[in-house]
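*Asks:* Chain residues, written in single-letter form:
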Amino acid sequence: GAGVSQSPSNKVTEKGKDVELRCDPISGHTALYWYRQSLGQGLEFLIYFQGNSAPDKSGLPSDRFSAERTGGSVSTLTIQRTQQEDSAVYLCASSRRAVGVTTYEQYFGPGTRLTVT
Amino acid sequence: AQTVTQSQPEMSVQEAETVTLSCTYDTSESDYYLFWYKQPPSRQMILVIRQEAYKQQNATENRFSVNFQKAAKSFSLKISDSQLGDAAMYFCAYRRDDKIIFGKGTRLHILP
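Note that the protein sequences, when read in sequence, are chains A and B. Quick note on the working numbering: the first sequence kicks off at 1 and runs consecutively. Quick note on the working numbering: the second sequence kicks off at 1001 and runs consecutively.
Hint data in this document are derived by calculation from the structure and do not stem from the laboratory. Be careful, since some hints might not be right.
The calculated label-pair distances, taken between Cβ atoms and stated as ranges, are [claimed, not checked]:
1) SER58/A to ARG1107/B: 25 to 35 Å
2) THR30/A to PRO1112/B: 24 to 34 Å
3) ALA1001/B to THR30/A: 18 to 28 Å
4) TYR1054/B to LYS17/A: 31 to 41 Å
Okay, the calculated bits of chain A under chain B, using three or more residues with CB under 8 Å as the criterion [what the hints assert, rightly or not]:
5) 41-53
6) 59-73
Okay, derived cross-link-like pairs now, DMTMM-like style, lysine to aspartate or glutamate, Cα gap no bigger than 20 Å in a straight line [unchecked claim]:
7) LYS1099/B to ASP1026/B
8) LYS1099/B to GLU105/A
9) LYS1055/B to ASP56/A
10) LYS1073/B to GLU1029/B
11) LYS1104/B to GLU85/A
12) LYS1104/B to GLU44/A
13) LYS1073/B to ASP1031/B
14) LYS1099/B to ASP56/A
15) LYS1099/B to GLU1052/B
16) LYS1104/B to GLU68/A
17) LYS1099/B to GLU68/A
Glycine is no exception: its CB is placed at the ideal position from the N, C-alpha and C atoms.
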């Protein structure tokens, strides 16, 4: 079946512009995660959705970052007034929801490489 | 709060040799899951192996195996018969319910 898809794969934008990054999770996966990976670094957690709600937004770095999810499926991550330090790869992952002691691995998309000039 | 630590930013191994990547974590929970993910230059994250904390037996997937020491909160990855295609970033991850934490990764180089 289809995996997690993300679009665009690459985005170059000018400082101060807004950008929208899209994530299409695997069908039936209720949990969706956004991560940021700066060059050569690990994964920085941004936000997590369970269905359409976001119980954990603790990783969003500033109020310029927001995310939404509609219909329990597609999610968009929006960065307003982009700054050069926002340049990174933004990864999305989806998973089935953990039930009791059963948990499931995340499946990752290929990421969006954002470059702010 | 839970943390995951990978103390080796980079490692190198000769092709066909064995290498072990270290991971330690901190948690007060008794039920959780641990994962190793591989990220090649294509940047696609690929699940390598998973371990349920309630299982004492170490997980194995072909050339990949783990040494899970629950009391020590250690979860190392052993790669046997290293191949050029194993060159990648390797991330250790901890999961409890829907909360997932990643280590900072270890970059593995394979020397021909």
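*Asks:* The structure should be examined with respect to each hint, and the outcome stated for every one.
*Replies:* Verification of the supplied hints:
no., hint, in the structure
1, SER58/A to ARG1107/B: 25 to 35 Å, "27 Å, holds"
2, THR30/A to PRO1112/B: 24 to 34 Å, "44 Å, violated"
3, ALA1001/B to THR30/A: 18 to 28 Å, "25 Å, holds"
4, TYR1054/B to LYS17/A: 31 to 41 Å, "49 Å, violated"
5, 41-53, "holds (count 6)"
6, 59-73, "violated (count 0)"
7, LYS1099/B to ASP1026/B, "14 Å, holds"
8, LYS1099/B to GLU105/A, "11 Å, holds"
9, LYS1055/B to ASP56/A, "29 Å, violated"
10, LYS1073/B to GLU1029/B, "11 Å, holds"
11, LYS1104/B to GLU85/A, "19 Å, holds"
12, LYS1104/B to GLU44/A, "9 Å, holds"
13, LYS1073/B to ASP1031/B, "12 Å, holds"
14, LYS1099/B to ASP56/A, "9 Å, holds"
15, LYS1099/B to GLU1052/B, "15 Å, holds"
16, LYS1104/B to GLU68/A, "27 Å, violated"
17, LYS1099/B to GLU68/A, "19 Å, holds"
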